[in-house]
Amino acid sequence: MPAGTVVSPFRVVKDNGNLYLLIHNYDRLGERRMMIESMSDNELIINDDNISYKLQKVA
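All letters in the sequence shown, in the order written, are residues 5 to 63 by the numbering used here.
Don't read these hints as lab results, they were simulated from the structure.
Quick reminder that beta carbons are idealized off the backbone N, C-alpha and C, glycines included.
Treat the hints with caution; some may be incorrect.
Unchecked claim - Just the calculated beta-carbon pair ranges, DEER-fashion:
| id | residue 1 | residue 2 | range |
| --- | --- | --- | --- |
| 1 | Asn46 | Asn20 | 26 to 32 Å |
| 2 | Val62 | Gly21 | 16 to 22 Å |
| 3 | Val62 | Asp19 | 24 to 30 Å |
| 4 | Val62 | Glu41 | 15 to 21 Å |
| 5 | Ser44 | Val17 | 29 to 35 Å |
| 6 | Asn20 | Ala63 | 19 to 25 Å |
| 7 | Ala63 | Gly21 | 29 to 35 Å |
| 8 | Asn20 | Gln60 | 14 to 20 Å |
| 9 | Asn20 | Val62 | 30 to 36 Å |
With the hints as constraints, model all of the structure from the sequences given.
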């Protein structure tokens, strides 16, 4: 694993019609819930504290 890489178990949950990425043990402080804005085969866009992040498939 490359230096600086963080791996945490996660799951996708649905709440009130929205999808969320629930990351366990985030920064060793417990769970973190981030809204999924969009999802496709090669890309995931999440929103955390009103900042959007685009994650792209690498493997």
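Hints, verified against the model:
1. Asn46 / Asn20: 26 to 32 Å: Check passed, 27 Å falls within 26 to 32 Å.
2. Val62 / Gly21: 16 to 22 Å: 30 Å, violated
3. Val62 / Asp19: 24 to 30 Å: 28 Å, holds
4. Val62 / Glu41: 15 to 21 Å: For Val62 and Glu41 the Cβ distance comes to about 20 Å; the hint holds.
5. Ser44 / Val17: 29 to 35 Å: Violated - the Cβ-Cβ distance for Ser44 and Val17, about 19 Å, lies outside 29 to 35 Å.
6. Asn20 / Ala63: 19 to 25 Å: 33 Å, violated
7. Ala63 / Gly21: 29 to 35 Å: Between Ala63 and Gly21, where Cβ atoms are some 31 Å apart, the hint holds.
8. Asn20 / Gln60: 14 to 20 Å: Given a distance of about 28 Å, which is not inside 14 to 20 Å, the answer is violated.
9. Asn20 / Val62: 30 to 36 Å: Roughly 31 Å apart at Cβ, these two residues keep to the hinted range, so it holds.
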